[in-house]
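Enquirer: These protein sequence lines map, in sequence, to chains A and B.
Residue 441 is where the first sequence starts when you use the numbering used here, and the numbers rise one by one after that.
Residue 7 is where the second sequence starts when you use the numbering used here, and the numbers rise one by one after that.
Calculated from the structure, these hints are not laboratory results.
All the pointers check out, no bait thrown in.
Derived contacts from chain B toward chain A, CB cut-off under 7 Å, selection only: (1) E57; (2) R83; (3) R86; (4) A87; (5) I91; (6) A96; (7) T97; (8) D98; (9) E101; (10) H110; (11) R113; (12) Y114; (13) P116.
Positions of the beta carbon are idealized from the N, C-alpha and C atoms, including for glycine.
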Amino acid sequence: MMPGALSLGFARADVELRTFFRRRETVVFTGAMPVLILLVLGSVFGDGNTAGVTHAQFLTAGMIAGGIASASFITLAVGIANDHENGTLRRLRGAPTPPVSYFLGKVVLVGVVSLAEVALMFAIAMPVFDVTLPTDAAAWVTFAWTFVLGVTACSLLGIALSSLARTSTGAAAMSNLILLVLQFISGVYVQPLRDLPGWLVHIGALFPVKWMAQGFRSVLLPDHLASIELAGTWEHGRIALVLGAWCVAGLVLCVTTFRWRDAR
Amino acid sequence: MTTAIEVSGLRKSYRGSPAVDGLDLTVDEGEVFALLGPNGAGKTSTVEILEGHRTRDAGQVSVLGVDPQQAMGAAGRRWRASLGIVSQDATDAGELTVAETVRHFARYYPDPRDPGDVIELVGLGEHRGKLVRRLSGGLRRRLDVAVGIVGRPRLLFLDEPTTGFDPQARREFWELIRALAKDGTTILLTTHYLEEAEALADRVAVISAGRVVALGTPRTFAGRDTAPSTVRWSEHGVPHQRDTDDPTGTVLELHARFGGPIPDLTVTRPSLEETYLRLIGDLR
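All chains should be built: construct the whole structure from the sequences, respecting the hints.
Expert: So this is what it looks like as structure tokens:
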């Protein structure tokens, strides 16, 4: 009897998690960096106040988006480029394991790291910046679908970038740069967005991070704050639409660019 | 005897320049077969095609009765489960320990060897708790072999397995390969060490410019057994030597002339390495 794809997927997940948490650079850059940025920016600029909500509370919602984008997009872009470089993909290709098990392992990795990222953000932001968790179920439902759609879109784009980057150093540089720029023009660090030039905002609105941040703001900030969004509402429908479209586009990119080995 | 690997007319080009150029090869089940040849001769391309890592442009290939290019889905997985692959420069699983790595890969196979036994077998017993990235080059290669054999393969591919080994480690590794061969594992070995091919292989083939240019047992390879021998001795403290097709006659003649023991007598046939270098030199 050949081992099942699912049980091999969990075996892969076990290896992925051990590898992630034992590698200091991934834990520091992917895991701790967004939390550190939240702490630093929140402490420096956080006291400003808009309609009864501190800037640190705005920032928390944005950094949750940035944190899970980092946990999915950067983790997979760098991780899979690494798997190319060090022979992991080659070894798996030569072993009797179905390809889906490899991706199952990555799904569990990204899920665990992203959830841990959110938990860490809340653990810091609640005592330090007086952020409170939403109490109504509807808010948590919004949180859940924003999280799932955002992580999925960013993961698929991370996989696609790993194919384009060719080396893990290249993947690390490209993914970090892309995410940093997107966070700036998506209202993660700078809020409200109308403080930014319009053309930058339009570019930011093409990518997932802006919509993830907006989704998390709708969950964590009081409803009257929707008035400072560009559209004047939380735009839940549009968030779901844009993130869903990126999931589809990301999947197409993955399927067309992913290679088990370098073409020589 | 059944055939483990059957290749005929294999061709593979990269950007128009041929790497494998009409290669024929047959490896019997249970055989240890060494592929020799200079860098760039097409050894690695050939092996990667056999492993299913690379597509071919032309020719017939059968590995354990399966065309590697057609090995997909469930049947492909069963086929892969009967192969062991030890490639040249893997650096994966760096953050796992030796024991974790072997245990993990054992899970992929329907009837694996016991991971603990395999770790002992390759001589990593005292390093089982060590992180893989902290292993020296030679120990790392042993781990690759452990992962290659943990699934109880019928056919094992070894691509330059002892590069970077010290002489002691190389001898130990040879014992391991002999033990696997004795168990009936078919082994396809590529190596740059001619004495390794001589110590392990039932047959050797030399590949040059993408085709097999010589094939035989290590003893008879490329006319080695009929090549002239060299007899060396000393006379009045001066070294002498003679190349001859009849070394026994030469020694008898000397023995008669000295009327007893011949000082510093040695008789040597060309080593596999000398034969190989002559062959490759002739081809150039």
